[in-house]
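From first to last, the protein sequence lines are chains G and C. So in the UniProt record's numbering, spot 131 of the first sequence is number 131, and the numbers just go up one at a time. So in the UniProt record's numbering, spot 158 of the second sequence is number 158, and the numbers just go up one at a time.
Be a bit skeptical, because a hint or two may be false.
Stated by the list, open to error - Covered by chain G, according to a simulated footprint, are these stretches of chain C (three or more residues, beta-carbon under 8 Å): (1) 55-63; (2) 108-117.
As the list claims (entries may be wrong) - Here are some chain C residues the structure puts well away from chain G; computed CB gaps all over 12 Å: (3) Q6; (4) F35; (5) G153; (6) W156; (7) L179; (8) V216.
Hints are computed from structural coordinates only; laboratory data are not their basis. For clarity, every value in this text was computed on a predicted model and none was experimentally measured. Using N, Cα and C, we set each Cβ at its ideal position, and we do this for glycine too.
The lines below spell out each chain.
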Amino acid sequence: MSGLLEITNLTAGYGRIDVLHDLTMTIGAHGNVGLFGPNGHGKTTLLRAISGLVKARSGSIRFGGADIANQTPRSIVGLGLVHSSQGNRLFPDLTIGECLALGAYTPRARAQEEANRERALKIFPKLGERWNQKVRTLSGGERQMVSIGTALMSNPAMLILDEPTLGLAPKVKEELCRAVLDISAGGIPLVVVEQDVEFLLELSQHLYLVNHGQVAAEIKPGQTMGHADIMALYFGQ
Amino acid sequence: MDAALQILFGGLFQGSLFAMMAVGLALIWTTIGVFNFSHGVMMMLGAYVAWQLSAWSIPLFIVLPATMLIMAGVGWLLQASVVRPLIGRPNIVLVVVITTLAAASLVENGVLEIWGPRSKQLPTLIEGNTQILGVGVSMHQIAIILITPVILGALWLFLNRTRLGLALRAVAQNEDASLLVGLNVTALYGLAFAIAAALAALAGIFMGGYRFMSPVMGADPLLKALIVVVFGGLSSISGPIFAAYLIGFFEAICSYYFGLYWTPALLFAVLILMLMIKPEGLFGAKTRGLA
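Extracted from the complex, chain C is given alone in its bound form:
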């Protein structure tokens, strides 16, 4: 009973973080067809921005939306500077891997320069711990487990029930036809990056509340998010979400029974197996498209 509960909480918690990260990657891939290797540093920068705002003793309920807004702007800028000028190149996927990696390195070192190498920690969303059926859980983790589905649900509703969301999904499928119905394709590309960066920032705030922050804190979540989107398939926004929770549970089970040391190896073993059996991903169709 104890083990099951611990795995349940661990899985939900990890899954929430992975989902928050992976959804942004998937959104950018499905709208623009590029992989954003700056996604991890967007998360890290989000955490640092939130830390700075908190350090100015701004209350958390303002810090959260303010950070997401600032990071949405940063995401937009990132897109305008290292992605948009390259659109239309034949080898865009590879070129953008390199430019976003370069941007990631710049941001990482910029953060190191501004805030220094000393580890920092963000305030938790809700303080304290609680006991659920005899298992101790922090309120911070419970808040994350509860907030994430709400945010992801809102994103799903936005993509599926609003005209702007419809436009985002359409751009992914046919750029020429999108232009011909009068969509502002460049603005939609910017919007995809802005949303992705805001969600990554939120993940950063989640993470900064229970682990020490450092300029390289985004590397591991980016890797996990990549695994999640490969595993879940990129054809929709719901695929990566389900995959994120699956992988979260897989990690929780592995680290409970085999220890943290073996978990990454097992995770990659499953991923490799997945790529051999169903390369388009668990929920993936063979084409690109959103939701």
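Isolated chain G, as found in the complex:
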């Protein structure tokens, strides 16, 4: 079952507080996966547990057959499971070129550096124009592009995006959404957290609603889902 990300009975959290409770989901069986749900209910914690930034207290996370729960982030990136960090922070004093070079740090990614750079620049031509500009001087949308571009440099077998359009102006948001669709069309399976469910529906037919640190609903391909249904999921019938 290569390329499949299976999370079973995952419990994780910070300090004395559990954020995820016994969460189970399968990612990759039906193409891209979209995660949505109210803020503060564990979406980001889930992504951080997958990429090794947060310890899994119990349960298992398997990627392509290997158990990756509580592995170091470094070995998880090394397997090709790449988590694009939220772009607003990134590396403020590095240039775009340096960020992308850093993305190709793992041996697995270094072998493909040329091809990955070409791909990243094709999706985000703006990055090429501003190659020597420091990240701190970029706009929010451009930082997000650097962030996703850096993740592409890590040669992802599966790419995790945490709210790629958070806080962006509509026009920039449009541009990023198109880029994310391009990446998906290029053959990289995506896991995307996004508040904009319309965008998620365009990207994926397999959605999970995460609420109170658990999967509150799963929408599989073939199950149609309208605006009203989503509102009902959020707010109750």
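Once you've looked at the hints, dock chain C against the given chain G.
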């Protein structure tokens, strides 16, 4: 003419020593965000290790790299023992001040125990004196003035032109994002300490060649290095380097015109003034980050 030359040489010489020390402090601050109060004893220990190796009649050109290598290992150990276990604590800056001070005290007394209190001196890098435009200078000082920019230049190239150097600068700016691109953050922390200790050891060898060594010889250079990094700002590696030479010249001028007695007081007066006018340092931005 005589005065100008003397100040020039004095400034370059002092500046070189300060720069060699300050760069290590800045490197550790920018990568890990802690102040290493063991930096002075790393310098002292470096000088003693070099002295011991020389006492076994190993030639100087082997003693230099061997000492730096040994001290890089010591720096790594220091990091692993008193810094790494504390990373993630909310009050890490203060805690590490205390643990590194404790380590400094241990090393200082350890050296006293092993090598005794009698003053020692290292061989000079190059023997003899020379006359430059009528001013007598020791070849040792000239060697230091010439070697330091080469080493600092190499460090700058390493940080700015290699992937490993890029990784060191990145860790300083965002630890989570560094983890997500696959950097080995703990190893990079160790590397920062190793480089800093090796450079401090080199400064110790420089110093041991023209002044008597003692277990407390690192205290004053540490203080000066602290002044330099505060003065130069900690946002980059080049800020402290420029500041080191500025302060070196300032000291040379002060001790020429006002005497050694007044120099520290004047130095601190300038530092206090600096903190009042531009607290982020002469070349500093307000955030932490390297090169």
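Going through the hints against the structure:
1. With a cut-off of 8 Å between beta carbons, the stretch 55-63 of chain C has 0 residues touching chain G; three or more are needed, and the interface restraint is violated.
2. For the stretch 108-117 of chain C, the proposed coverage by chain G is not satisfied: 0 residues have a C-beta within less than 8 Å of a C-beta in that chain, short of the threshold of three.
3. Every CB of chain G lies more than 12 Å from the CB of Q6(C), the least distance being 40 Å, so the non-interface label holds.
4. No beta-carbon of chain G is positioned within 12 Å of the beta-carbon of F35(C); the least distance is around 20 Å.
5. Taking the minimum C-beta to C-beta distance to chain G, about 20 Å, the non-interface status of G153(C) holds against the 12 Å cut.
6. Listed as a non-interface residue, W156(C) keeps its Cβ farther than 12 Å from every Cβ of chain G; the least gap is roughly 15 Å.
7. Look at L179(C): its CB is around 4 Å from the nearest CB on chain G, not clear of 12 Å, so calling it non-interface is violated.
8. For V216(C), the requirement that its beta carbon stay farther than 12 Å from each beta carbon of chain G is met, with the minimum near 37 Å.
Checked against the numbered hints above, the structure breaks hints 1, 2, 7 and satisfies the rest.
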